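Novice: As given, the protein sequences belong to chains X and W, one line each in that order.
Numbering of the first sequence is given in my numbering, commencing with residue 1 and proceeding in unit increments.
Numbering of the second sequence is given in my numbering, commencing with residue 263 and proceeding in unit increments.
Treat the hints as calculated values from the structure; they're not laboratory data.
Any given hint could be a false lead.
Pulled from the structure, derived: some chain W residues nowhere near chain X, Cβ distances all over 10 Å [said to hold, decoys possible]:
1. F292
2. R306
3. I403
4. M408
5. A492
Straight-line C-alpha distance at most 25 Å; calculated SDA-like pairs for lysine to any residue [what the hints assert, rightly or not]:
6. X:K165 with X:H108
7. X:K165 with W:K355
8. W:K355 with X:P192
9. W:K352 with X:G99
10. X:K165 with W:D510
11. X:K165 with W:R387
12. W:K476 with X:H108
13. W:K355 with X:T173
14. X:K259 with W:R326
15. X:K165 with W:K476
16. X:K259 with W:R351
17. W:K355 with X:L106
18. W:K367 with X:L191
19. X:K204 with W:K355
20. W:K367 with X:K107
21. X:K165 with W:S456
22. W:K355 with X:E98
23. W:K355 with X:K259
24. W:K367 with X:E169
25. X:K165 with W:E333
26. X:K259 with W:L421
27. X:K165 with W:D418
28. W:K367 with X:R178
29. X:K107 with W:K355
30. X:K259 with W:R392
31. W:K355 with X:G99
32. X:K165 with W:L457
33. W:K352 with X:P192
34. W:K367 with X:L106
35. W:K355 with X:L191
36. W:K367 with X:T177
37. W:K355 with X:T177
38. X:K259 with W:L457
39. W:K352 with X:S101
40. X:K259 with W:E333
Please read these numbers as outputs of a predicted model, since none were measured by experiment.
Quick reminder that beta carbons are idealized off the backbone N, C-alpha and C, glycines included.
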Amino acid sequence: MAETSAPARWERPNALAFTMLVVVLAFILWSFSSVGLSWERMVRGIPALGSMLERMFPPDLERLPRILEQLLVTFQMALVGCILGLILAFPIAVLAAEGLSPHPVLKHASRALIALFRTVPDLVWALLFVIAVGLGPAAGVMAIMVDKIGFAGRFFAEAMEEADKGPQEALSTIGATRTGLIFSAVVPLALPSFVATSLFSLEKAVRGSVILGLVGAGGIGVELKVAFDLFDYDTACTIILAIFALVIAVEQVSNVIRKRLI
Amino acid sequence: MTALAHRLSPEPEAPRAPPVLFVSGLAKRFGARQILRDVTFEARPGEVTALIGANGTGKSTLLRSIVRLVEPDAGTVTVLDQEVRGLDRKALKAFRSRVGFVFQKHNLVGRLSVLTNVIHGVQARMSGPRTWHHALAPAAIRDEAMACLAAVGLADRALQRADSLSGGQSQRVAIARMLMQRPELVLADEPDASLDPRAGRALMELLYSLAHDKGLALVVISHRIEHTLAFSDRIVGLADGIVTLELDSRVAHAEQLRAFFERPPAETDRDTANHG
C-alpha cells in the first residue's frame, strides 16, 4: 500500500546551512552593537532636534526668489542628465541584452560598464566630475547621466530580453536585419517598461540632484549646505519645503504620464 | 475564385508547372532520435500540398529544414533551382526572404497597429526606419500593405491595435504580412491549430484561394482531416521519417486519411496510382 502520511513540515537543515544561518545572525547582532545605536542617545537627541525645529519655524521667505531659481537649476540639471543618460542607456542596453547583442565580448563589456555605473553611487561620480569639470551644474549633469546609464541600462536590457520572442522569430525567419528586428518587434513590446523606467529615473534624478549640490555639483544642494553651515535653519526649512514640493510635483506628473502611456 | 469553385472546376488536368520546391532524401537526427530518414517530395506553384502525419513524425522539422531553421543532416532541398543547403549566411538570408512562413501562433506585435504589422513583412526585401512603422513608410509600401489587408478581408481594421483582434483575424493579419514579402513558396505550420472550427476553416479556405489566385506554392500542415481534404491539391503523409503516402486530394477520402493516422508505424504504402 502506498505511503499516505503527510511529509514533515520542516526539512532538517544540513550542517553547512545551519552554520551559515548562525554566522549571518551573529553578524546582524554585531552590526547593531557596532553602529552605536542606543535608546539613551536617541532620547538625549530629542531636545537638540526640538531646538533646531523651533529655529526652523516660521520658514524665512526672504531668500525665496534665489531658492526658486536654484530649484529650477536643480530640476533642469536632473532633466538634462536624465535625458542624456536614457539616450545613452538604450544602445548600451541593446549591446548587453541576451539574444540582441552582436557579439559575446560586446555583451560582457556592456554589462560590466552598466554594473560599474550602477554600483558606484552618484555622489561619488559627482565628486569625480567636480574635479574634472569644476564646480557647478555641469558636474551634476554628468553625474546624473552616468548614474542613469547604469540604472536604466539594466532595466532596458531586461525589458528587451523579456519581450515576446514570437514576433522576433517571425521577422528573423524572413531575413529582417537585426536593427529592423529591434525597432519593429522588440522596442514596441518593451515600450511600457521603457516609459516606466524613464519616469522612475527622472524621479530618482530629481531626488539625487538635491544631494549632488552638497559636494559642489550645483543646484539647490549648495544653498542647503550653506544654510546649515551658517545655522540659518529658517532658510534651510524654506529650502527643504521647496525641495519637498518639487519632488512631490515630479512624482505626481510622472504618475499621470505613466497612467496615460502604459 | 472561392476554394469550393476551384475544387469543383471541371477542367481537365492542365500541364503542371515545374516544382518550386524539391526535397530529396532529407534526413535529420536529434540525439538518438532519427526524425527524418529519407524524405522526398515536391511543391508546385498554384498548388497546395498538405503535409500530414501523427504527432512527432517530423512535419514541423521538415518545414524548418527547408528554410534551414533546422540544419538537415543529409539530402537536398532545391527551391527555384537554388540548392538551399549550399547557401552561405548572406545568400540564406536572401533566400528566406522569398519564403513565407505562417506559424501556429500569429506572432504579431500586439501593441502596434494592424497596418504596421503588415508593413513589417516588407523587411524581407527592404530595411531601415521606413519599414518599422506605417507612419514612416513610403506611400507605395502603405498602398501595397492595404492591398494585402484587403486580400485577407481586413482593410477596415488597418489602424486597430493588433492585440484587439480575434485569433482568426490575427492569423489573417499574419497572412497579409506574409503576402507583403511577395513570397514564391509558403510554408504553413498548423495555421488552424489554435482557431475554433469556423475560423480555422475560413483561414484554410483563404490560404487555399490565395495559393491558387496568386500562383503560390503552399505546403501546409493541418491535423484536421476535413481541412486537408477540402483545401489541398495533394496530400503527402509522413511516418517513420519517410513519405509513406502520396495522394491527389480530389480522389482522396476521409476514411483513407483516418486509416493512415491509425495504422501502426513502419508500414510503407506510397500510393503511386494517384501520383499525378
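Novice: Each hint needs a verdict: does it hold in this structure or not?
Specialist: Going through the hints against the structure:
Distance check on F292 (chain W): its Cβ is at least 19 Å (rounded) from any Cβ of chain X, clearing the 10 Å threshold; non-interface status holds. Every Cβ of chain X is farther than 10 Å from the Cβ of R306 (chain W); the closest lies at roughly 22 Å, confirming the non-interface assignment. Every beta carbon of chain X lies more than 10 Å from that of I403 (chain W), the smallest distance being close to 13 Å; the non-interface claim holds. Chain X leaves M408 (chain W) outside its interface by the beta-carbon criterion, the shortest separation being 18 Å against a cut-off of 10 Å.
Residue-level check passed: A492 (chain W) sits 27 Å from the nearest beta carbon of chain X, beyond 10 Å. Restraint check for K165 (chain X) and H108 (chain X): the C-alpha separation of about 22 Å stays at or below 25 Å, so the hint holds. Taking the CA atoms of K165 (chain X) and K355 (chain W), the gap is near 19 Å; set against the 25 Å cutoff, the hint holds. Proximity of K355 (chain W) to P192 (chain X) is assessed by CA-CA distance (about 31 Å); at most 25 Å being required, the pair is judged violated.
Straight-line distance between C-alpha atoms of K352 (chain W) and G99 (chain X) comes to about 19 Å, which keeps the hinted pair within the 25 Å bound. Distance check on the hinted pair: K165 (chain X) and D510 (chain W) sit about 38 Å apart at the alpha-carbon level, beyond 25 Å; violated. Pair hint K165 (chain X) plus R387 (chain W) holds up; C-alpha atoms about 22 Å apart against a cutoff of 25 Å. For the hint pairing K476 (chain W) with H108 (chain X), the CA-to-CA distance comes to about 48 Å; that exceeds 25 Å, so the pair is violated.
Restraint check for K355 (chain W) and T173 (chain X): the C-alpha separation of about 8 Å stays at or below 25 Å, so the hint holds. About 42 Å separates the Cα atoms of K259 (chain X) and R326 (chain W), which puts this hinted pair outside 25 Å; it is violated. For the given pair, K165 (chain X) sits about 30 Å from K476 (chain W) by alpha-carbon distance, which is inconsistent with the 25 Å threshold. Only pairs whose Cα atoms come within 25 Å are accepted, and K259 (chain X) paired with R351 (chain W) is rejected, the gap being roughly 45 Å.
The hinted pair formed by K355 (chain W) and L106 (chain X) meets the criterion: a straight-line CA distance of about 24 Å does not exceed 25 Å. Annotation: proposed proximity of K367 (chain W) to L191 (chain X) holds, straight-line Cα distance about 22 Å (limit 25 Å). At most 25 Å may separate the alpha-carbon atoms for a hinted pair to count; K204 (chain X) and K355 (chain W) exceed this at roughly 44 Å. Of the pairs offered as hints, the one joining K367 (chain W) and K107 (chain X) is violated, with about 30 Å between alpha carbons and a cut-off of 25 Å exceeded.
Distance hint between K165 (chain X) and S456 (chain W) is fulfilled; the C-alpha atoms sit about 18 Å from each other, no more than 25 Å. Pair hint K355 (chain W) plus E98 (chain X) holds up; C-alpha atoms about 22 Å apart against a cutoff of 25 Å. Note on K355 (chain W) and K259 (chain X): the hinted pairing is violated, with a Cα-Cα distance of about 41 Å set against a maximum of 25 Å. A hinted pair counts as satisfied when its Cα atoms are at most 25 Å apart, and K367 (chain W) with E169 (chain X) qualifies at roughly 11 Å.
Of the supplied pair hints, the one linking K165 (chain X) and E333 (chain W) holds, its CA atoms being roughly 21 Å apart against a limit of 25 Å. As the CA atoms of K259 (chain X) and L421 (chain W) are separated by approximately 22 Å, the hinted pair is consistent with the 25 Å bound. Taking the CA atoms of K165 (chain X) and D418 (chain W), the gap is near 28 Å; set against the 25 Å cutoff, the hint is violated. The hinted pair formed by K367 (chain W) and R178 (chain X) meets the criterion: a straight-line CA distance of about 22 Å does not exceed 25 Å.
Under the criterion of a C-alpha separation no larger than 25 Å, the hint pairing K107 (chain X) with K355 (chain W) is consistent with the structure, at around 24 Å. Between K259 (chain X) and R392 (chain W), the direct Cα distance comes to roughly 30 Å. Violation of the 25 Å bound is thereby established for this hinted pair. Among the hinted pairs, K355 (chain W) with G99 (chain X) is consistent with the structure: their alpha-carbon atoms are about 18 Å apart, no more than 25 Å. In summary, the hint linking K165 (chain X) to L457 (chain W) is supported, as the alpha carbons are separated by about 21 Å, within the 25 Å threshold.
Proposed proximity of K352 (chain W) and P192 (chain X) is contradicted: the alpha carbons are some 34 Å apart, above 25 Å. At most 25 Å may separate the alpha-carbon atoms for a hinted pair to count; K367 (chain W) and L106 (chain X) exceed this at roughly 33 Å. For the proposed pair K355 (chain W) and L191 (chain X), the alpha carbon gap of about 28 Å is over 25 Å, so the pair is violated. Restraint check: the Cα-Cα separation between K367 (chain W) and T177 (chain X) comes to about 22 Å, which is no more than 25 Å; the hinted pair holds.
For the hint pairing K355 (chain W) with T177 (chain X), the CA-to-CA distance comes to about 9 Å; that is within 25 Å, so the pair holds. Note on K259 (chain X) and L457 (chain W): the hinted pairing is violated, with a Cα-Cα distance of about 34 Å set against a maximum of 25 Å. Simply put, K352 (chain W) and S101 (chain X) have alpha-carbon atoms about 19 Å apart, close enough for the 25 Å limit, and the pair holds. Distance hint between K259 (chain X) and E333 (chain W) is unfulfilled; the C-alpha atoms sit about 47 Å from each other, more than 25 Å.
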